[in-house]
Amino acid sequence: MVAVVVIAGCGGYVPLYRIDREAIAEQHGGRGSGESAVPGRDENHVTMAVEAAELAVERAAVDELDAVVSASITDPFAEHGIAAHVAYRLGATGEVRTADFRASGRAGTDALAFARDFVRARDGTVLVVAADVLPVEPGHDDEPYAGAGAGAAVLVPDAEEPAATITAVGEATTGFVERHRLHDGVATGGDGRFEREAGFGPAVSAAIERSGVDDPDRAVVAAHDARMASGAVEDASHESTFGSVGYAGAASYYLDLAHCLEEADAGESVVAVAYGPGGADAVALETGTTADVGLTVAEQLDSKEYVTYAKHLEYRERTEYTGVTVA
Amino acid sequence: MSGPRYHRPKRQDQRLVAFECQSCGWVSYPERKRTCKGCSAAPAEYEEVQLQERGEIKTFVVQHYLPDDIETPQPVAIVDVPQVGDGEPARIYGLLAESELDELEVGREVEARFRELFDDGDRPINSFKFAVPRGEK
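These protein sequences, in sequence, are chains P and U.
With my numbering as the guide, the letters of the first sequence map in order to residues 33 to 359.
With my numbering as the guide, the letters of the second sequence map in order to residues 4 to 140.
Everything labelled a hint here was simulated from the structure, so no lab data went into it.
No incorrect hints appear here.
Derived SDA-like pairs (lysine to any residue); straight-line CA-CA distance at most 20 Å:
(1) U:Lys36 / U:Pro92
(2) U:Lys140 / U:Gln77
(3) U:Lys13 / U:Gln53
(4) P:Lys336 / U:Glu103
(5) U:Lys140 / P:Val339
(6) U:Lys140 / P:Leu333
(7) P:Lys343 / U:Asp72
(8) P:Lys343 / P:His172
(9) P:Lys336 / P:Leu48
(10) P:Lys343 / P:Asp52
(11) U:Lys13 / P:Gly123
(12) P:Lys336 / U:Arg137
(13) P:Lys343 / U:Leu104
(14) P:Lys343 / P:Pro167
(15) P:Lys343 / U:Tyr68
(16) P:Lys343 / U:Glu101
(17) U:Lys140 / P:Thr328
(18) U:Lys13 / U:Glu34
(19) U:Lys61 / U:Glu106
(20) P:Lys336 / U:Lys140
(21) U:Lys36 / U:Glu51
Given the structure is predicted, the values throughout are model-derived calculations rather than measurements.
Using the sequences and the accompanying hints, generate a full structural model.
Okay, structure coming up:
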């Protein structure tokens, strides 16, 4: 069995469009700071996943994939999936394992842990990809922070110049649920303070402790509440795209991870945590070198166009073809 | 070939596979035309070729009146897409995405972007559009 698993390549995808949170505040009152990513009208979970996956695969410089694993908490399909379609686009068909992880912000690390186990058991190459578009309801508290994006990582047993080495995965399944969401609906947040004290805190601290990380240089903490996440790891540089992208579900984990690995020097220690209904996971990493291929997350954050409030709503909705209107 | 309408061209749509006439080198895309438009060979003998994910605008027009699921104004272009390796480029009719009108001109290099072209009921049909490279925006 392979002992150590490395991330050969990692990449993020941030859609071009943004909504200024001030523009949302103008509609519904209050104040807004920062911005959130809005998918193009012709983008969906599979197309965004492919954007991130192609970048990660190119950076990893791998020829074949043995498994493609996806994570998403907003895929609108009950039957359809993401992984197999990304695999087809990348030419990874035939004897290729696929899996789609769902239902919790923790899906990103569920997928990563599965991929790591797959690499160790079968000495294979695994692409993990996450894509999400958070639904909005006009005037809802979460509307300014509903993000969109995708991120991906390629895991292999070994690489000459890996982007990072995974040294451990700490798991903390608690069964705790406060924030929850029905299909096609917006989230019911519940009591934020209760969630922080009874759910987030115990799960994240247990997961980090089990990962064995001590005093990391950098931290990624993907959760629906940026303020809650920012206090999770003391004395580490928090790498977060929340202020520019919003909460992008399982994709936030990979966007933040890609951003962290692109910004870090080789040899730094990182703990990358994902929290969601049911618990948290903490992945311990040592950074390597990210290949200078494609656009970094930071470059994509700079490359943007603002849309109006109306477009922000319209672009997130699936358009139903109704034929040519007769005037 | 029989089968559901949107299954048949899936390799062309998602992997940019095209068909090169073995008599004259003309490239058929996305369909495998029975009669070669380059040399009129019928039935033409083709070999599959792989296209690059980039191309050059040969001409374009801006559409203002289209079905509701296409946002207007929508620039559409004839794009020459080179093969991976030697051979003639495929001349493709493509939609342009995320491109401002003042960014477009004949001779402009564009990159292929995987996007939802339309839907078949609930099911999105994904294929390629073309766009000004994101890094140049």
